[in-house]
Amino acid sequence: MTELPIPDPDLVRAARQHLTSRFATGVEAVLWEMHKHPMHDLDAVTRALRDRPEDEQAGTTTMDLGAAFLVLSAARLDVDRLEAALFERALELGLDYEQVAAVLELPDADTARQRHRRMARRAEAPTDERPPPPAGPGSERRVRGELARHRADEAAERARAAGRRRRDLTGSPDVPPAETAETPAETAETAARRAAQAKERTAAARLAEARAHEDAVQRHEAALQAGQGDADEHRRLAEEHREAARAARAAAAGGAPLP
1 MTELPIPDPD
11 LVRAARQHLT
21 SRFATGVEAV
31 LWEMHKHPMH
41 DLDAVTRALR
51 DRPEDEQAGT
61 TTMDLGAAFL
71 VLSAARLDVD
81 RLEAALFERA
91 LELGLDYEQV
101 AAVLELPDAD
111 TARQRHRRMA
121 RRAEAPTDER
131 PPPPAGPGSE
141 RRVRGELARH
151 RADEAAERAR
161 AAGRRRRDLT
171 GSPDVPPAET
181 AETPAETAET
191 AARRAAQAKE
201 RTAAARLAEA
211 RAHEDAVQRH
221 EAALQAGQGD
231 ADEHRRLAEE
241 HREAARAARA
251 AAAGGAPLP
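Numbering follows the numbering used here, in which position 195 of the sequence shown is assigned residue number 195; successive positions increment by one, without gaps.
Restraint ranges, calculated between C-beta atoms of paired labels, are given here:
hint : residue 1 : residue 2 : range
1    : ARG236    : ASP168    : 56 to 62 Å
2    : GLU233    : ILE6      : 36 to 42 Å
3    : GLU239    : ASP96     : 45 to 51 Å
4    : GLN99     : ILE6      : 25 to 31 Å
Since the hints were made in silico from the structure, they are not lab data. What you are looking at is a predicted structure, and each value in this text was computed from that prediction instead of being measured. The C-beta atom is built at its ideal place from N, Cα and C for all residues, glycine as well.
With the hints as constraints, model all of the structure from the sequences given.
The following block contains the structure:
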């Protein structure tokens, strides 16, 4: 069987950056903007296949697909590294190549042994290590806050574009759109209404933050009861999330601004 080529790590890094800058949306876009954390490889490839921007030139689309091929090769290499690790672990636990061959539906033990060697060679190849995603409650809050601002900016831009389209469709070049100046009382009323709306949005964001921390508390307590992992660490993290949830609910009640 012909050996698959090993992608160059520098090219893979550049391809991940290209696809993320082109196709990341929502949380992916925020993580890229704040932490330069690229999209998951398979998500990036799928997005490159699905999205077909009509305003782009053919050369740009070709570049997208070339980057997708590189990223897919890197994803395949990651899978091969996992399979090599599985082979090692299976042999440590007492499985032999004949049993592994039966699981993988290979002809015989020798074929399984050759596959193991091939995966082990690929596992030793240099790779572009993906940076870990940001961790911790503080990072989660910053990402959620940035995501909320990002979505608000997108919504505002869509509203402006819709307004321009309405003016283009209904406006007359000889008759400008009618505009009336607000009175001071109306201006004050508008400002008060916007402040109240901003307070409501902030409280809703704080409540969502509190619920996320409370979910984390439940996860750590469930792991603690099930005897999974480090018990002291689960207690510590559960208490951190519990305090953060209390603070978020108190801030929601008082209308404190987001950090």
